[in-house]
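Colleague: Protein chains in written order, with the working numbering: chain A, 3 to 115; chain B, 35 to 150.
Check the hints yourself; a few may be wrong.
Unchecked claim - Quick list of simulated restraints, FRET-style, between CB atoms: (1) A:G42 to B:G96: 26 to 36 Å; (2) B:M130 to A:I14: 33 to 43 Å; (3) B:S118 to A:S29: 22 to 32 Å; (4) A:S68 to B:K149: 43 to 53 Å; (5) A:K46 to B:P150: 26 to 36 Å; (6) B:A35 to A:G42: 15 to 25 Å.
Keep in mind that the hints were calculated from the coordinates and are not lab data. From the three backbone atoms N, C-alpha and C, an ideal C-beta is built for every residue, glycine too.
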Amino acid sequence: EAGVAQSPRYKIIEKRQSVAFWCNPISGHATLYWYQQILGQGPKLLIQFQNNGVVDDSQLPKDRFSAERLKGVDSTLKIQPAKLEDSAVYLCASSLDPGQPQHFGDGTRLSIL
Amino acid sequence: AQSVAQPEDQVNVAEGNPLTVKCTYSVSGNPYLFWYVQYPNRGLQFLLKYITGDNLVKGSYGFEAEFNKSQTSFHLKKPSALVSDSALYFCAVRDMNNNAGNMLTFGGGTRLMVKP
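The task is simple: from the sequences and hints, build the whole structure.
Modeller: Dropping the structure here:
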């Protein structure tokens, strides 16, 4: 079974620029998650989708972050404009349903200059 | 609110010796508990989970974890460590009674170093 695919693997931008990340979950997985992992910390949930609907976005900084999963499969996460504090690894994960173990992609490492 | 504590930033063990990585949790209801492992520049890999039933849970790569409700702990163990077990380990908890979308909360991680 193919795993969770994420692109790009690395991204370097200057502060105040915009950036977008893409995630393709495991086929058939209805639940999709975006996490932010700052160096030396555990992942922090940003947003959770169930099919194409948002289940939890309570920790998403909505003034600059947005995410969508229009057709209930692929998802994109956008930051506009980026701040220095957004430097982190952005992980996408998926699961069959919210009660099942999550499968993670390898992440996108974002560096803000 | 739910939370996880991993009190050790790093655990050092010699190859062939038993290892323990500690985790304590706090939830208002009953917990779902998970252990994940992360290798450099990779995403997290699921190791094992506790939902209900036997307090000793067996998982991938010879790892196991013991749920202790009175001590609110879920320590990860392996009888004989391998050098290839060296990685970052994360404990995570979800409140079974959480109505806010089943959010998983991760601990800060423990780096396991297994020396030959």
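Colleague: Now tell me, hint by hint, if it's right for this structure.
Modeller: Evaluation of the provided hints:
At roughly 27 Å, the beta carbons of A:G42 and B:G96 sit within the given window of 26 to 36 Å. Between B:M130 and A:I14 the beta carbon distance is about 41 Å. The supplied range of 33 to 43 Å therefore holds. Hint check: B:S118 to A:S29, Cβ distance near 30 Å, so the stated range 22 to 32 Å holds. Here the CB-CB span from A:S68 to B:K149 is close to 45 Å, well matched to the stated 43 to 53 Å.
Look at A:K46 against B:P150: about 35 Å separates their beta carbons, and that is inside 26 to 36 Å. Checking the proposed 15 to 25 Å range against B:A35 and A:G42 shows it holds: the Cβ atoms sit about 22 Å from each other.
Figure legend: structure checked against the earlier numbered hints; every hint is met.
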